[in-house]
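**Q** Going left to right, the sequence shown walks through residues 1 to 636 as UniProt numbering numbers them.
Some clues are possibly wrong.
Claimed, not checked - List time: in silico DSS-like cross-link candidates among lysine-lysine, alpha-carbon distance up to 30 Å:
1) Lys233 to Lys538
2) Lys98 to Lys83
3) Lys384 to Lys253
4) Lys348 to Lys233
5) Lys297 to Lys286
6) Lys247 to Lys328
7) Lys384 to Lys565
8) Lys233 to Lys328
9) Lys478 to Lys631
10) Lys559 to Lys483
11) Lys261 to Lys245
12) Lys297 to Lys565
To be verified - Derived CB-CB ranges, DEER-like:
13) Lys470 to Ser522: 47 to 53 Å
14) Glu493 to Pro441: 23 to 29 Å
15) Leu221 to Pro174: 33 to 39 Å
Bear in mind the hints are in silico, worked out from the structure with no lab data behind them. The beta-carbon is built from N, C-alpha and C at its ideal position, and this holds for glycine as well.
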Amino acid sequence: MILPAPPLKLIDLPGLDQRSMDESVVGDYAARNDAILMVIIAAAQASDVTSSRALRMAKEFDAEGTRTVGIISKIDQAAGDQKSIAAVHALLLNQGPKSASDIPWVALIGQSVSIASAQAGAVGSNNSLETAWNAETESLKAILTGAPQSKLGRVALVDTLAKQIRERMKIRLPNLLTGLQGKSQIVQDELFKLGEQMANTAEGTRAIALQLCREFEDTFLQHISSGEGAGWKVVATFEGNFPNKIKQLPLDKHFDINNVKRIVLEADGYQPYLISPEKGLRSLIKCVLELAKEPSKLCVDEVHRVLLDIVSASANGTPGLGRYPPFKKEVLAIASAALENFRNEAKKMVVALVDMERSFVPPQHFIRLVQRRMERQRREDELKHQLSTKANEVEQAILNRESSSRPGIQQTGGSLKSMKDKTNQSDKDAKEGSSLQIAGPSGEITAGWLLKKSGKASGWSKRWFVLNEKSGKLGYTKRQEEKHFRGVITLEECNIEEASEEESLKGSKESKKANGSDKLSSLDFKITSKVAYKTVLKAESALIFRAESMADKVEWVNKIMNICKSSKEIPSKGSSGLEASTSIRQSHSDGSLDTMARKPADPEEELRWMSQEVRGYVEAVLNSLAANVPKAGIFC
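Can you make the complete structure from the sequences, with help from the hints?
**A** Quick look at the structure:
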């Protein structure tokens, strides 16, 4: 049986010790990592092995001796030289000089007569070479008594060479494996770039592509709906950034009285029979609403950037797309192009929405301006008449008391005093019986239960209300332990008044004849906006509240009224008789009834009032745009 052997090359170089030659020729071969170096010296030179030029050169290229084999030849010629034989023994036992002890040595003999005769006697025999090698080994045993048999003869030389080759392969094997792994990784990377083969047929490829698109869509929708990743930024843009930009529009600059006068003067002469300068006010409204276009387009751009980030994150988060990089790249390109089209459509939509509000200013608004002006004038006249009547009655009562007797005066004074004491006592009882909770460093926080009813709703809802007198805000929650308000009312922009029985019972199952209906309606009060067409809370222009007791109502109304009223306000219908009488007395002391209710002193004041009314309308439209522009963006 012939075993497979590696393809080895034997290169016989000229002896370095016998003749001078260029060492670079030897170095070209000896420097190769896969070359086995055989240092051959004669047995007669074994005692002086350190001076061998071949050994010295082998050490330069193989310092560790992992690919070097030493051969001692012509042992039979040095058989009579004991010194040389002793040196050969030392080399075979690795006990020679330090430079030669780390490489394996093998002893051989030349073509002696015994070997030649052995080869001649076995002509034609298949084992003639084996017989010659065995004869050589026997001759070496006779000469080198006590030397290791594994280092004698050509059989030992073959084994030693094989051993060195194996050791050399073991040393180089890790490097070879590392190189193969590196090449394998490079191949894998190239295959990854090219992408996995999707399917063998067009239908299979289409099915896999659709499945990957569905996975990508599910991941994208999860980012949007759950706020995962950058999904929360869309909500933050719609509910935070965009409304804030709308609120930051320079309305003060445009509604400055000088700017309003300039616009009205430019429109002077247009339909002069109108009470209000309609053309100038319409121009002012259009100019201010034009400012909403830029924040609306910026809102669309900001959402577009967020959606691009979400598309990229969704593609990276879809495992299937990672197996097909070219397909993933194509999906990203298609999604980006679609978002670009959506952005353009959304910009057109929001601009059209703003233009619609600009182009159509309801004529009813200007009609209401005139109606409110006339209504305000009528209320002022009625109030002035009532104050005059009250003043006359008070004056007549004083004259009557002066003409009456002293006991009568004392009795009347006692009656007034007792009425005042009763009023004070009832207020005191109401205050002591209040169930509201007071908190805060200076007691500015008031909390308690109220029944709430909107103008459109048919029933009452019990809610926990918290009033902050410093901020002027009234917020409510469904349960007392909730931390976030479900709605907040800005009381500085509102009025408070008594609720009529019709408003309290409207749409409910109660009736005026129901038992206790009068008692319940007496606990009701209403909050409305100072500007008729503005909302108080969400989409409600008026809210009706019902306290749990009269004491609670008195405390709620007094605290809310302190926030709502201002120095220029007219007392509301819900003002108490004591407040009305106090106002009458103050008006008398000033000597002028016009300090509380008077007509505009000049046209500029009338124009200022009208500009405030128009500003309220513009703010209401801007609030509507802040709510509808995000809807238009989502629709596109």
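**Q** The structure should be examined with respect to each hint, and the outcome stated for every one.
**A** Okay, the hints, checked on the actual structure:
{"no.": "1", "hint": "Lys233 to Lys538", "in the structure": "holds (23 Å)"}
{"no.": "2", "hint": "Lys98 to Lys83", "in the structure": "holds (19 Å)"}
{"no.": "3", "hint": "Lys384 to Lys253", "in the structure": "violated (36 Å)"}
{"no.": "4", "hint": "Lys348 to Lys233", "in the structure": "holds (22 Å)"}
{"no.": "5", "hint": "Lys297 to Lys286", "in the structure": "holds (18 Å)"}
{"no.": "6", "hint": "Lys247 to Lys328", "in the structure": "violated (42 Å)"}
{"no.": "7", "hint": "Lys384 to Lys565", "in the structure": "holds (20 Å)"}
{"no.": "8", "hint": "Lys233 to Lys328", "in the structure": "holds (25 Å)"}
{"no.": "9", "hint": "Lys478 to Lys631", "in the structure": "holds (27 Å)"}
{"no.": "10", "hint": "Lys559 to Lys483", "in the structure": "holds (23 Å)"}
{"no.": "11", "hint": "Lys261 to Lys245", "in the structure": "holds (27 Å)"}
{"no.": "12", "hint": "Lys297 to Lys565", "in the structure": "violated (39 Å)"}
{"no.": "13", "hint": "Lys470 to Ser522: 47 to 53 Å", "in the structure": "violated (30 Å)"}
{"no.": "14", "hint": "Glu493 to Pro441: 23 to 29 Å", "in the structure": "holds (26 Å)"}
{"no.": "15", "hint": "Leu221 to Pro174: 33 to 39 Å", "in the structure": "violated (51 Å)"}
In terms of the numbered hints stated before, the structure departs from hints 3, 6, 12, 13, 15, listed from lowest to highest.
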